[in-house]
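Protein chains: 4
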Amino acid sequence: MPGSDVGADFWMNEYITPWDIYAHGVTKVLAYQKTAYQEMYVVETGTYGKALVLDGKWQSCTGDEFLYHEPLVHPAMIFHGSPRKVLILGGGEGATAREVLRWQTVEKVVMIDIDGEVVEACKQHLSEMHQNAFDDPRLNVVIADALNFLDTTDEKWDVIISDLSDPIESGPSFQLFTKEYFEKARRVLAPQGFFVVQAGPVSPGELVLHARLAKTLTTVFPNVQSYSSPTCTYGRAWGFILTSEQEINTRPNPENIDQLLQEKTSGGLRMLDGVALLGMLNLPLHLRQAIAQETQVYTLAEPPKFFGQGSVK
Amino acid sequence: MPGSDVGADFWMNEYITPWDIYAHGVTKVLAYQKTAYQEMYVVETGTYGKALVLDGKWQSCTGDEFLYHEPLVHPAMIFHGSPRKVLILGGGEGATAREVLRWQTVEKVVMIDIDGEVVEACKQHLSEMHQNAFDDPRLNVVIADALNFLDTTDEKWDVIISDLSDPIESGPSFQLFTKEYFEKARRVLAPQGFFVVQAGPVSPGELVLHARLAKTLTTVFPNVQSYSSPTCTYGRAWGFILTSEQEINTRPNPENIDQLLQEKTSGGLRMLDGVALLGMLNLPLHLRQAIAQETQVYTLAEPPKFFGQGSVK
Amino acid sequence: MPGSDVGADFWMNEYITPWDIYAHGVTKVLAYQKTAYQEMYVVETGTYGKALVLDGKWQSCTGDEFLYHEPLVHPAMIFHGSPRKVLILGGGEGATAREVLRWQTVEKVVMIDIDGEVVEACKQHLSEMHQNAFDDPRLNVVIADALNFLDTTDEKWDVIISDLSDPIESGPSFQLFTKEYFEKARRVLAPQGFFVVQAGPVSPGELVLHARLAKTLTTVFPNVQSYSSPTCTYGRAWGFILTSEQEINTRPNPENIDQLLQEKTSGGLRMLDGVALLGMLNLPLHLRQAIAQETQVYTLAEPPKFFGQGSVK
Amino acid sequence: MPGSDVGADFWMNEYITPWDIYAHGVTKVLAYQKTAYQEMYVVETGTYGKALVLDGKWQSCTGDEFLYHEPLVHPAMIFHGSPRKVLILGGGEGATAREVLRWQTVEKVVMIDIDGEVVEACKQHLSEMHQNAFDDPRLNVVIADALNFLDTTDEKWDVIISDLSDPIESGPSFQLFTKEYFEKARRVLAPQGFFVVQAGPVSPGELVLHARLAKTLTTVFPNVQSYSSPTCTYGRAWGFILTSEQEINTRPNPENIDQLLQEKTSGGLRMLDGVALLGMLNLPLHLRQAIAQETQVYTLAEPPKFFGQGSVK
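Residue numbers (the UniProt record's numbering), protein chains in the order written: chain Z, 1 to 313; chain V, 1 to 313; chain A, 1 to 313; chain L, 1 to 313.
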């Protein structure tokens, strides 16, 4: 059967746009659950290993997640230089925590995820992702709404990482891509701290979300810098936005960064080093222009509505 | 019908790997032809404009081709600084010529494409791509086999651009991704010249082709530098390899480049400027490692066999 | 490439239901046109020959159209016994006319189709379908709205065949599946005449359309008989409804029918003979029950809305 | 997301031919297992309920399985008239046994299935199919190879039902579609007995398997009769072949059959009654011709190789 030779019999179809579908052949369904917040699959795919899928949106897979999680975590950590306390908002797979915990300077990590059932499934089925990060005594996982959590703490954090699912309508995350949420994050960020947001695709047909997130963040933080990584199972490169009270040098010296990583981390990075960081921070012209020209700001009254639709009513 | 609201009724499915399909909804078929060398479609898609498809492989589309053609052309031109004579091997859409002709220093461009029927179809249906480049008196289009052409000329070229379709089995191009072909190109490259090759995807699951092309080129040129661009309708980032007798500075000063482009080109670049070039040249660690560790060289006896299969017998 | 070995690169996807897609690999696009009424493709497929596609709905293809057109035409002709004048409403491909013209008793055929551009494309690209029926002097093709045509004639017809595209919303046909339209047809049907309607799929998940059409026809004609044929490229069996002032014998003697066909037609039938007709008229129990229990009638005020959506505004 | 409105995110693609795919949207994966013999999924689909999928081939689903299981079982039972002992070869879902057990004359049913893991999964997840047939004391399930079983028994059976998965290469069943196997079945068939075989699709593009099975059976039994049912989730009608030492009347009196069913069964049939049986036995001409003209016979040396490929090595 074709399935054996060149394709699969089960396919997970993700609509990148209404006219572009990225379909991954599924060789095995490891877990399926309709949680209180979303519909979850953990599947094994033909080429890129095991994947987590929430509300029909590909979250990450073992075969290329390092292209997402390393860029999400390390630039903020590097620019801080010696992060001790790190707050992760979202991050169910445990891979964001895994990268944070590579830093020997880190003393305390709190990870807030709204969906305990997803976290449990990832613990059980995606050990390649978390690599036992959940067992590290420095990590504390709290099942809670990130928006509420930020109101209940006065603790200050060196690095805050917003690792949320895309802001699709009826999904659990769209309120967390707004000015109000970013202001709550700023309140608990240490003065020397860095706040980083996973910030959507940077392909020409879908730049609006990223550009508006960047614009929204400029109303909250004095320094806002976009960067991107060549993720592949998302079907296009992914954007991140780093913000701080501190200046962000887009032309850092690669050799200095390599030295910092060697001194302060336990190693193991696959894609990110000094050269890679220099590359990621220097974006193509059209992307910088789209960000610079954007005027609209996301608020709770006018939140983003990313293409797609979740299962929350 | 679903077609009207969220999708299309006709889809062009490209197998990225045997288990990953990128499907583009086709709203109109502008041209179809079984040429002497390959099967050609020119189609209109829902999100990314008009596309050229050869032997079932997406070549380029109007909506994001600038992410391919600008990186293909300008780094070589910039590093040369004042290119006068440029040779394009392949490049049927005319978009590579379009970018070359932006340089006011350019006096002569020869474009060698094997498939005159494809060139004609592009002239007629893809004016957004060529933007009348074919009418520029500096351009001479020759319908011929690139491999043969290189043997019949002793002219020297400042920049040679290898803009060929992927080296799929039975396709018309696989022989042009070999040491022997690269040596023929070197023979007609001016001493100060630069030779650049479109060099396949740089996604983790498909790095072998790019890495072996880089290794193969190191057996022919003293300086070989990979770089990549965040193409999106290919479903992943694309790689290029720049080679020369001259050194290639991977940390050029962006402001100097912007000044050069302003002085020597007629402008109009959308994605490439000094900052973008700095970004593209500084690759992720895993990609540099894969290139450095590769040992195999492509030859006519052992050419590449990229995933896919053409129609040439 | 997969396309060469086991699949195609272009696919025509038809949503049978919102959760079931029948996809046909397209090897060539012979014609594409956005007509005044609908969107039309004529394509070549891998297994079943050339196909006509209107508004994303598969109409018929050369590889199995005999399973649709023979059952559509011959039962009405056979039950009449000696049809001289036949009216075809719709039937753009010319295959319905082809079957009608096999009857040597036939003196006059009028075919009313709303879309002259579709008829022209079929003439040019689908000769396997019409087999030069359009050249038969007995056939007169009128490009007009069937609904209007019926009001403008007082001529009486021995057999009237309603060969219309499915009644999808915004398509050109949904008004022609109503009590009012059927009454217009009855007015011009000869007393000994038979009226037959292509009447949608008879699969368990989609029985409503067929059952309501049958119910609607019982409000207009005293005798109404459903039957079905094992069409395959539609992805399920197809239903037809035969109606008349005359009684319809569902257990005809096959040998008598074979003799009638031999005497009165020029032969060439592939699927329909006496035995086949006996089989088609004797439907499964669940289908007869669904028809018997249906209570709703389609009217111009409440026309059918078959799954799918057309392009007419 | 499209998944919520008109389609699914997970799809089970079945290649009907290399160029025709029937894709069913999967809303839930109930069970997945790589058994000793095949790869098994039990899934929930959007339109047609729960389905069993083996080696990528759709076996049956709750929404239309009555169109397969009733025609498979009852014609043989009806023609026998008073079956007491029934042997089922295959039939893992338990739906074939369910239909057999409707007959009050039945005293003993033995069901031989090679794959105990599939039977267990069906028991657990497909109660709509077996409807507790497994609890009926008249039924004895034996996990064994049907080919071997037939050699080890001298018991005679009134009805033998071959309900095997399609004879794909490397699947567990292809040897059971051969002259040798049919001879083994004949040895244990009572003189008044009937043997029925599920016998592949009867669509024009795939008639060879059915026609050759019919031809093969004519070398073993004096009376061989094909019939078909309008199954829909298989994407085309399905064929069966009934064989016996006894004559098979293809024009039975429907009323007599209805009376027999009323007297001897507990009722509950949805599609099959006297009228339906009359319809099923009277096949289209092209199908009868293909069967009549076939000359090739399947043997263990030259078994069928149905399109598709299993996982058995």
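Honestly, I wouldn't trust all of these hints.
A few chain V positions that, by computed beta-carbon distances, are all more than 10 angstroms from chain Z [to be verified]:
| # | residue |
| --- | --- |
| 1 | D20 |
| 2 | Q33 |
| 3 | T45 |
| 4 | D64 |
| 5 | E117 |
| 6 | D151 |
| 7 | D154 |
| 8 | E180 |
| 9 | T218 |
| 10 | V220 |
| 11 | S228 |
| 12 | S229 |
| 13 | S266 |
| 14 | L285 |
| 15 | H286 |
Derived lysine to any residue pairs resembling SDA-like cross-links, with alpha carbons at most 20 angstroms apart [to be verified]:
| # | chain 1 | residue 1 | chain 2 | residue 2 |
| --- | --- | --- | --- | --- |
| 16 | L | K28 | Z | P18 |
| 17 | L | K50 | Z | Q33 |
| 18 | Z | K123 | Z | P18 |
| 19 | Z | K50 | L | V188 |
| 20 | Z | K123 | Z | I143 |
| 21 | L | K34 | Z | P18 |
| 22 | V | K50 | Z | K215 |
| 23 | A | K34 | V | G46 |
| 24 | L | K34 | Z | R186 |
| 25 | A | K85 | A | K34 |
| 26 | L | K34 | Z | T27 |
| 27 | Z | K28 | L | P222 |
| 28 | V | K50 | A | A31 |
| 29 | V | K156 | V | V188 |
| 30 | V | K28 | A | A36 |
| 31 | Z | K215 | Z | H125 |
| 32 | Z | K28 | L | P191 |
The set of hints was computed from the structure by calculation and includes no laboratory data. The model shown is predicted, which means the values in this text are computed figures rather than measured ones. Don't be surprised by glycine CBs; every beta carbon is placed ideally from N, CA and C.
Comparing the hints with the structure gives:
1. D20: At roughly 6 angstroms from the nearest Cβ of chain Z, V:D20 sits no farther out than 10 angstroms, so the non-interface label is violated.
2. Q33: Answer for V:Q33: holds, closest chain Z Cβ roughly 24 angstroms.
3. T45: Its Cβ does come within 10 angstroms of chain Z, the nearest being 6 angstroms, so this is violated.
4. D64: violated (5 angstroms)
5. E117: holds (28 angstroms)
6. D151: The claim stands: V:D151 keeps its Cβ more than 10 angstroms from every Cβ of chain Z (closest is about 37 angstroms).
7. D154: holds (38 angstroms)
8. E180: holds (31 angstroms)
9. T218: holds (19 angstroms)
10. V220: holds (25 angstroms)
11. S228: violated (7 angstroms)
12. S229: violated (8 angstroms)
13. S266: Nearest chain Z Cβ is 16 angstroms from V:S266, so the label holds.
14. L285: violated (5 angstroms)
15. H286: Given that some Cβ of chain Z is not farther than 10 angstroms from that of V:H286, nearest at about 5 angstroms, it is violated.
16. L:K28 <-> Z:P18: violated (23 angstroms)
17. L:K50 <-> Z:Q33: holds (17 angstroms)
18. Z:K123 <-> Z:P18: violated (33 angstroms)
19. Z:K50 <-> L:V188: Violated: Z:K50 and L:V188 sit about 50 angstroms apart, past 20 angstroms.
20. Z:K123 <-> Z:I143: holds (14 angstroms)
21. L:K34 <-> Z:P18: violated (35 angstroms)
22. V:K50 <-> Z:K215: violated (31 angstroms)
23. A:K34 <-> V:G46: Answer holds: A:K34 to V:G46 is near 16 angstroms, not above 20 angstroms.
24. L:K34 <-> Z:R186: violated (51 angstroms)
25. A:K85 <-> A:K34: Roughly 33 angstroms separates the two Cα atoms, so the pair is violated.
26. L:K34 <-> Z:T27: holds (11 angstroms)
27. Z:K28 <-> L:P222: Answer violated: Z:K28 to L:P222 is near 47 angstroms, above 20 angstroms.
28. V:K50 <-> A:A31: holds (18 angstroms)
29. V:K156 <-> V:V188: holds (5 angstroms)
30. V:K28 <-> A:A36: Satisfied, since the Cα-Cα distance of roughly 16 angstroms is no more than 20 angstroms.
31. Z:K215 <-> Z:H125: violated (38 angstroms)
32. Z:K28 <-> L:P191: violated (48 angstroms)
Of the hints listed earlier, those the structure fails to meet are numbers 1, 3, 4, 11, 12, 14, 15, 16, 18, 19, 21, 22, 24, 25, 27, 31, 32, in rising order.
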